[in-house]
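Work the whole structure out from these sequences, hints included.
Each step along the sequence shown adds one to the number in the UniProt record's numbering, with nothing skipped, and position 14 is 14.
No lab work stands behind these hints, which were simulated from the structure alone.
Where is the CB? At the ideal position from N, CA and C, for every residue including glycine.
Where hints are given, some of them may not hold.
[To be verified] Across the chosen pairs, the derived CB separations fall in these ranges:
id	residue 1	residue 2	range
1	Asp-107	Arg-27	39 to 49 Å
2	Ile-6	Arg-27	19 to 29 Å
3	Arg-110	Tyr-42	50 to 60 Å
4	Arg-3	Ile-76	23 to 33 Å
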Amino acid sequence: MTRSQIHEDMHFRILRLLQENPEMSQRDLAKAVGVSVGRMNYVLGALVDKGLVKLGNFTAAKDKRRYAYVLTPQGIAKRAALTRSFLARKMAEYEALREEIEAIKRDNERHDQQASRSIQKEI
1 MTRSQIHEDM HFRILRLLQE NPEMSQRDLA KAVGVSVGRM NYVLGALVDK GLVKLGNFTA
61 AKDKRRYAYV LTPQGIAKRA ALTRSFLARK MAEYEALREE IEAIKRDNER HDQQASRSIQ
121 KEI
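Below, the structure is given as structure tokens:
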């Protein structure tokens, strides 16, 4: 996977998580995506700068420093585009894995048959 695809996948996962749960903390987001809190802070800042996410105060929180990360209409459109790209890539990966598994099964069957013939000759 290219560096660009890795970033794209991370943005897809973050936008998906935020759309489902805008109140997620940076720490929870970082854990869910598998990056450091510092990295998550940087990525969220970039998403805000691009106009994909906007910050709002999380009114239910006692700590008023907590934010809700809300997808903008542009963010929702970007998430949809990233979803299509992510699905296409994962379907291609799935197909490649399926073909590899089938090839391994055929090789295994061939080796089993050869081993059986070798054993038959020895008996």
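Right, here's what the structure says about each hint:
1. With their beta carbons about 46 Å apart, Asp-107 and Arg-27 fall inside the hinted range of 39 to 49 Å.
2. Range check, Ile-6 to Arg-27: about 21 Å between beta-carbon atoms, so the 19 to 29 Å window is met.
3. Against the hinted window of 50 to 60 Å, the Cβ-Cβ separation of Arg-110 and Tyr-42 comes to about 51 Å, which satisfies the hint.
4. Distance hint check for Arg-3 and Ile-76: the Cβ-Cβ separation is about 25 Å, which falls inside the suggested range of 23 to 33 Å.
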